[in-house]
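Trainee: I would like the entire structure built from these sequences, with the hints used as guidance.
Counted from 1, the first sequence has number 423 at position 423 by this note's numbering; the numbering is strictly sequential.
Since the hints were derived computationally from the structure, they do not count as laboratory data.
Be a bit skeptical, because a hint or two may be false.
[To be verified] Distance condition first, Cα-Cα at most 25 Å in a straight line; then the derived BS3-like pairs of lysine-lysine:
{"#": "1", "residue 1": "K268", "residue 2": "K245"}
{"#": "2", "residue 1": "K204", "residue 2": "K167"}
{"#": "3", "residue 1": "K469", "residue 2": "K426"}
{"#": "4", "residue 1": "K271", "residue 2": "K353"}
{"#": "5", "residue 1": "K426", "residue 2": "K504"}
{"#": "6", "residue 1": "K460", "residue 2": "K499"}
[Said to hold, decoys possible] Pairwise CB distance ranges, derived in the manner of DEER restraints:
{"#": "7", "residue 1": "Q323", "residue 2": "K167", "range": "24 to 32 Å"}
{"#": "8", "residue 1": "E322", "residue 2": "R346", "range": "15 to 23 Å"}
{"#": "9", "residue 1": "D431", "residue 2": "E374", "range": "40 to 48 Å"}
{"#": "10", "residue 1": "K276", "residue 2": "Q105", "range": "20 to 28 Å"}
{"#": "11", "residue 1": "P135", "residue 2": "K159", "range": "42 to 50 Å"}
{"#": "12", "residue 1": "A275", "residue 2": "N438", "range": "20 to 28 Å"}
{"#": "13", "residue 1": "Q55", "residue 2": "R346", "range": "45 to 53 Å"}
Predicted model, so just to flag it, every value in this text is computed and none were measured.
Idealized CB from N, CA, C, for every residue including glycine.
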Amino acid sequence: MALSLHPMNKKVRVRFAPSPTGGLHLGGVRTVLYNYLFAKQNNGDFILRIEDTDQSRYVAGAEEYIMDCLQWAGLVPDESPVKGGNYGPYRQSERKKLYRQYAEQLVADGHAYYAFDTPEDLEQMRTTFRTDTNPSPQYDRAVREKMRNSITLTATEVKKLLDNGAKHVIRIKMPTHETVTFHDMIRGEVSFDTSLLDDKVLLKADGMPTYHLAVVVDDYLMEISHAFRGEEWLPSAPVHILLWKYLFGLEKMPLWAHLPLILGPNGKLSKRDGAKYGFPVFAMNWTDPNTNELVEGFREKGFLPEAFINLLALLGWNDGSEQELFSREELQEKFSIERVHSGGARFDYEKAKWFNHEWIKRKSGNELLAPVKEILQGNAIIPTDDLFLEKTIELVKDRCSLLTDFVQQTSFFFIAPVELDTASVKPKWNDGKADFFNEFKTVLGNASSWDAVTLENSFKELATQKNIKPGELQLPLRVMLVGGKFGPPVFNIVELLGKEETGKRIDYALTKFSI
RNA sequence: GGCCCGUUCGUCUAAGGGCUAGGACACCACCCUUUCACGGUGGUGAUACGGGUUCGAAUCCCGUACGGGCUACCA
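Mentor: What follows is the structure, encoded as structure tokens:
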């Protein structure tokens with residue numbers, strides 16, 4: 001493909017930077033996926049960096065969880081907090097001391113300033129300046145003249161405060177009237193007027209950087225060439241552009257791509273939507289250790305990683321053809337960031353299940369063996385014979401949209417049904433039919449070969465002899481073996497169940513039907 | 001409120017100035033199947049609105065409406 005190479009003219013390096021606040025939602029995984037595909041296409045590096053600059057929001061175990069999710073989805077980074085490269089450390093909390101010097105440099109160059117306002121000062125500022133036409137006043141060029149900072153205070157006052165260790169933050173000083181324009185790989189030219197933007201905090205009072213400073217410094221030091229992130233970051237892009245300009249030069253800035261949002265039924269997809277509408281929103285189950293709240297994951301819901309990747313890739317991208325099913329290799333070959341849409345995409349769970357169904361159908365019984373076995377075991381069904389399990393999977397996979405559907409579709413092969421759907425048999429049941437089944441057992445006992453076709457033939461033969469329509473006997477046989485009106489063709493079931501088990505189930509059912 | 005992004009069937013989308021606006025999910029009907037599905041065939045269904053530019057506009061421009069995002073010492 002025609003690749004617009006990074007101005008640094010180095011290898012392509014992309015990164016994903018989740019915050020360990022718990023859970024990894026659809027949008028997050030899609031960002032990783034696009035990063036991953038782009039890196040692989042260009043023989044580049046894919047980096048995982050952890051955004052943990054706000055320790056108060058850190059949730060124990062979230063980092064490991066993210067790694068587990070990426071592992072499952074097959075999107076393992078080349079450099080990550082657990083598998084380091086040459087640009088570590090990768091946790092921002094471990095990089096803390098790096099950021100201050102850049103913030104100080106900005107102050108020295110006149111692009112940023114110290115601000116000594118307390119949270120109460122800020123709160124008061126917001127209430128005094130709040131009006132009907134301005135519901136959320138910003139700390140901007142008009143307001144900064146009225147606050148306690150290195151612009152309003154004298155140099156000696158500022159020095160004294162700093163020497164005394166006064167709590168302070170460093171804010172960017174937004175230029176008065178400048179147009180910031182940059183190129184986005186998905187949306188083209190985007191521009192902002194700086195006079196409408198506020199003086200964002202770059203370095204917090206605890207010495208930690210905000211995302212704005214960290215993302216620029218890290219991307220520079222880690223030589224990131226392309227930066228993909230969600231559209232919700234677009235409004236703060238001008239801050240990052242300005243920082244690049246002041247600190248490292250625009251020519252070294254990565255190429256940006258702001259990905260469209262994944263929408264739920266009401267706006268940006270949230271984890272609440274999952275519980276509300278009954279579909280998973282995280283890659284894997286996530287239980288918040290503080291609240292014990294469980295958010296369902298695609299993996300546990302019964303999705304194959306191939307399907308998950310596939311449906312995610314198509315949520316906001318397509319290759320221009322009518323193809324919808326893509327393997328990882330095909331995605332790697334055909335994906336292009338330029339073809340990603342700029343509009344948000346609403347997530348449709350029905351379509352997601354369709355993708356999974358298609359992938360289940362594509363897979364062989366052998367490929368499905370391990371995941372299905374795991375699910376069955378989770379439901380107290382312990383298959384002992386892999387070959388047998390594989391045959392049952394092969395027989396029923398067309399009727400399963402989710403891996404969890406295999407529980408209902410195969411359990412009767414392993415556990416004889418106790419409760420039978422007698423209601424659908426009894427109304428048409430009679431002694432003639434009971435007689436037929438008793439005799440059919442004998443036929444089975446003498447069967448010369450045990451396969452579905454032969455079994456069906458002898459079944460029909462006997463029915464004709466007895467003057468009963470074979471069709472009227474098939475449903476009862478099914479209920480005898482399966483317990484209800486579902487499952488694959490009944491003689492295939494007989495074949496797999498075997499002579500002895502089939503006989504047993506007929507006997508059991510006859511006692512139920514005649515009551 | 002301000003700023004930014006967006007707008008093709010209910011949903012995901014194709015069509016980059018020129019066929020009757022194509023496909024998929026969902027829905028409906030029929031076929032297949034004496035179970036439930038799969039599968040097959042067909043059907044309902046869209047260019048937000050108003051102006052321009054052009055021989056010609058879903059496509060380019062402007063405006064309006066609507067939707068979404070951001071507006072924290074969160075990311």
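Trainee: Next step is simple, just say for each hint if it's right about the structure.
Mentor: Status of the hints after comparison with the structure:
1. K268 x K245: 32 Å, violated
2. K204 x K167: 9 Å, holds
3. K469 x K426: Answer holds: K469 to K426 is near 17 Å, not above 25 Å.
4. K271 x K353: Between K271 and K353 the Cα gap is close to 19 Å, so the pair holds against 25 Å.
5. K426 x K504: Distance ~20 Å between K426 and K504 Cα, so the pair holds.
6. K460 x K499: 17 Å, holds
7. Q323 x K167: 24 to 32 Å: 58 Å, violated
8. E322 x R346: 15 to 23 Å: 21 Å, holds
9. D431 x E374: 40 to 48 Å: 46 Å, holds
10. K276 x Q105: 20 to 28 Å: 47 Å, violated
11. P135 x K159: 42 to 50 Å: 37 Å, violated
12. A275 x N438: 20 to 28 Å: 52 Å, violated
13. Q55 x R346: 45 to 53 Å: 35 Å, violated
Checked against the numbered hints given earlier, the structure breaks hints 1, 7, 10, 11, 12, 13 and satisfies all the rest.
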